[in-house]
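Protein chains: 2
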Amino acid sequence: MSSEIFDRVAIIGLGLIGSSIGHAIKRAGLAHHIAGYARTEKTRKKALEIGFVDTVYETAAQAAEGADLILVCVPVGACGSVSREIAGSLKPGAILTDVGSAKEAVIRAMRPHVPEGVHFIPGHPIAGTENSGPESGFATLFDGRWCILTPVAGTNPEALQRLTNFWESCGSMVDQMSADHHDQVLAITSHLPHLIAYNIVGTVADLEEDSKSEVAKFSAGGFRDFTRLAASDPIMWRDVCIANREALLEMLGRFTEDLSALQRYIRRGDAEKLQALFTRTRDMRRKIVEAGQETPEVDFGRHAADDLGGPE
Amino acid sequence: MSSEIFDRVAIIGLGLIGSSIGHAIKRAGLAHHIAGYARTEKTRKKALEIGFVDTVYETAAQAAEGADLILVCVPVGACGSVSREIAGSLKPGAILTDVGSAKEAVIRAMRPHVPEGVHFIPGHPIAGTENSGPESGFATLFDGRWCILTPVAGTNPEALQRLTNFWESCGSMVDQMSADHHDQVLAITSHLPHLIAYNIVGTVADLEEDSKSEVAKFSAGGFRDFTRLAASDPIMWRDVCIANREALLEMLGRFTEDLSALQRYIRRGDAEKLQALFTRTRDMRRKIVEAGQETPEVDFGRHAADDLGGPE
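Protein chains in written order, with the numbering used here: chain X, 1 to 312; chain A, 1001 to 1312.
FYI, nobody ran anything at the bench for these hints, they're computed from the structure.
Just so you know, not all the hints are guaranteed correct.
[Claimed, not checked] Going by beta-carbon spacing under 10 Å, a handful of chain X positions derived as facing chain A:
1) Q184
2) A197
3) V201
4) R286
5) R302
[Stated by the list, open to error] Derived coverage of chain A by chain X (criterion: at least 3 residues anywhere in the stretch with Cβ under 8 Å from a Cβ of chain X; other residues may be distant):
6) 1038-1050
7) 1178-1188
8) 1203-1214
9) 1217-1223
10) 1240-1252
11) 1255-1264
12) 1274-1285
The beta carbon of each residue, even a glycine, is placed where N, CA and C say it ideally should be.
Can you build the whole structure from these sequences, using the hints too?
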């Protein structure tokens, strides 16, 4: 991979993804200058202090001015207004991209604002943690993870190659697909899982305080696995659910149909059907480990990080 | 805690829990002799080879004969028949316990077979991994985890204290509650989460082969978190679902009600309601970390065990 150095990169939005991109750029030396923008002064100050940007600006337009690569790292619902704001400052030949988890909605929102001569290439790095904010980023977040680009018709091939090189230099593997296909795949790999996790943790959050403490105490029985996703950024996920609602409702429909059948097996005590389902699902984890997207360590390698001790 | 040494302990069932108990007993020197029983010769041989038991027997009755502490570590649905089988070999004064995840059903199944003079005290260590079989056990599995005892009326206090000491010496913290309350709490902390995980992975398992590979590839977006629980032992979970069906169906009812509401918010694009739910759930993870039941490391500490690199 050839690591082109950008003269000036602008990161609009300095949360988990924006800050991690800053760190990854610094790690690989991919830019002479990183300009940053965040809505609050507190975040801008923190970003400068941590040092994953070189300068910060009070408006997105100022940060984007003169940049060769502009990464929009705000919640999906804010992509449209940010694009409108920065449109007048974009340099001809610049690459404009984003990191949103719903591509059709983002394209609808951003594309109308993109000036002639600016290369708009939507993107989505499939990486994250349950933490948010400028302190939560780290340089290795994208290492070994996929980044999906969903170029629109007529995209400049050279610009596409440069953005591909950029993500590869950030540690990613890069794939291309249509926005529509992306949204279908992500509905099942990411959006439905988050929704289900939010829902089950929400069911528990409705219990009385005493019961909630008991749930925390005995959560190693399985529940705790869901609380990680359900601790993710609420604004981001609010926007994703609305932006990708059609694909998500379709997947949710399949999920609830399957759940109704499962409920019936339990009510009837249908041991054979239950065992068949519970056997059929085992294989999926192996597939994911083989795809290099999961640690082969038992229990997510959780014990390794656990103060309480771990497997020998 | 006073670590009484048992002269002879019998472990009936040598899977993840049975083998981990064997390792934990050896680690703390809690028995002069550990006798083991497993249905297959392969498992019995493997257990001896690994060395977490001292002898193995071809029948559960032989293994239980003359033991001071008998731990029944078989799937919940097999507890009744195992108890009937070993009843004639149990020594007066012996403690008989189990590790099943549904206590009322286990009590109904085991209690009728317990001879006069034998102390039957149902138990449940809240610990496990996604792996099964005699190779999957390790000595630290119970460290810092809760073990719930659900003594029936008239339980001998001294026997109860001895079993409590035993579990504490295996690394556990011990709690007591009624079988009924246990089953309610576990329905939400363990059984519902497993069911939901099995269901969502089942929905994916129904996709075509191409789509499944794509799901594996992009599973870091959230889906992979569910595959751990859905890789658990199918027989164990088949039995638990049937044994605790009432409490589980009640919790499943709450979950699906909540999910219907959530589905409606998405369909209507109700940003306010979505954000409120997604904010309300964040706190749960903090509670679990504070309860000492989860690693405070980001992403389950997954990166630490990951070949692909990790946070600095």
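Hints and how they fare:
1. Q184: holds, 9 Å
2. A197: For X/A197, the interface hint holds, since the closest Cβ of chain A sits about 7 Å away, which is under 10 Å.
3. V201: holds, 4 Å
4. R286: Result: holds, 8 Å to nearest chain A Cβ.
5. R302: holds, 5 Å
6. 1038-1050: violated (count 0)
7. 1178-1188: With 3 residues closer than 8 Å to chain X, the stretch 1178-1188 of chain A meets the three-residue bar; holds.
8. 1203-1214: Held - the stretch 1203-1214 of chain A has 9 residues with a Cβ nearer than 8 Å to chain X, which meets the minimum of three.
9. 1217-1223: Satisfied; 7 residues make the cut.
10. 1240-1252: holds (count 7)
11. 1255-1264: holds (count 6)
12. 1274-1285: holds (count 11)
In this structure, only the earlier hint numbered 6 is contradicted, and the remaining ones agree with it.
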